[in-house]
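Undergrad: Sequence:
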Amino acid sequence: MTDLAPFGGQAATMTSREIADLVGSRHDNVRVTIERLAERGVIALPAMQEKPTAGRPTQEYVFTGDQGKRDSIIVVAQLCPEFTARLVDRWQELEQQASRPLTAAEQLLASVQLTVDLERRQRLTEQQVAALTETVGDMDRSHPLLDSIPNGMESITAIRQRIGKQYGLPPRVIDAVVRDMPHSPRPFAMVRSKHEELNARPYAVWAKAEISRVFERFARGCTFVTQHRATHPDFGAGRERFQMRGTPSQEIGE
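Okay, so the sequence shown: first residue is 1 according to my numbering, each after it adds one.
Bear in mind the hints are in silico, worked out from the structure with no lab data behind them.
Here a beta-carbon is modelled for each residue, glycine too, at the ideal position from N, C-alpha and C.
Cβ pair distances, simulated, as ranges: (1) Gln-113 with Gly-168: 36 to 46 angstroms; (2) Gln-161 with Thr-226: 20 to 30 angstroms; (3) Pro-81 with Gln-161: 36 to 46 angstroms; (4) Glu-50 with Leu-146: 32 to 42 angstroms; (5) Leu-118 with Glu-39: 23 to 33 angstroms; (6) Pro-182 with Glu-50: 17 to 27 angstroms; (7) Thr-226 with Ala-158: 23 to 33 angstroms; (8) Arg-186 with Arg-56: 22 to 32 angstroms; (9) Lys-208 with Glu-95: 47 to 57 angstroms; (10) Arg-70 with Val-116: 28 to 38 angstroms; (11) Glu-39 with Arg-162: 13 to 23 angstroms; (12) Leu-146 with Ile-74: 45 to 55 angstroms.
Turn these sequences into a full structure, and let the hints steer you where they fit.
TA: Structure (structure tokens):
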């Protein structure tokens, strides 16, 4: 289990990838279980880290400390109750490793690993900032810049509030529908921020009527797997469940 390398004086950690290996489950199924339990308030949503691989980097949840230990046990109990004892044993191993003083060689290795990780994170952040700056710059050039939001238009904040109330969708799903799906609408314009003195960038606004049509289409494409949880082929490859309030014709068993 190379995912975990606790060092002396550090809190023991366990990743969602190691949980998947432990119970013999697919990592994406473990992630969905974690997110579902977090949405229901059963566990706290753990921090996520990006792990380099030979191909595309993968993202893993990281359980840390007493809270992480408790929550990971709940996750495994939900996935495969028969593996709960094995998980507890693994936590004990990690805690013993974390409390053991470092040897000189381990201290050097930890220092090198920390330096490499910080450099990788810094490069990733710089790349993300550059990409975001380029994207916003393209939007600034391709859309008119207005001083205020026109009638019939709304910002992403207003969309989250209105659509969230109408469909019961969480913000992350609303954002994906607005921005990242094949039928996502183009912004109507960019609006100058009222806080330009703080270097705040302009923000996008969309036509309210078009947003309504997009979400009506999205709702028709949803499949309810429980009374209040659904999937959509364009969200999470059709495997990720999300909270949603359905119409009577959409509800399971109707």
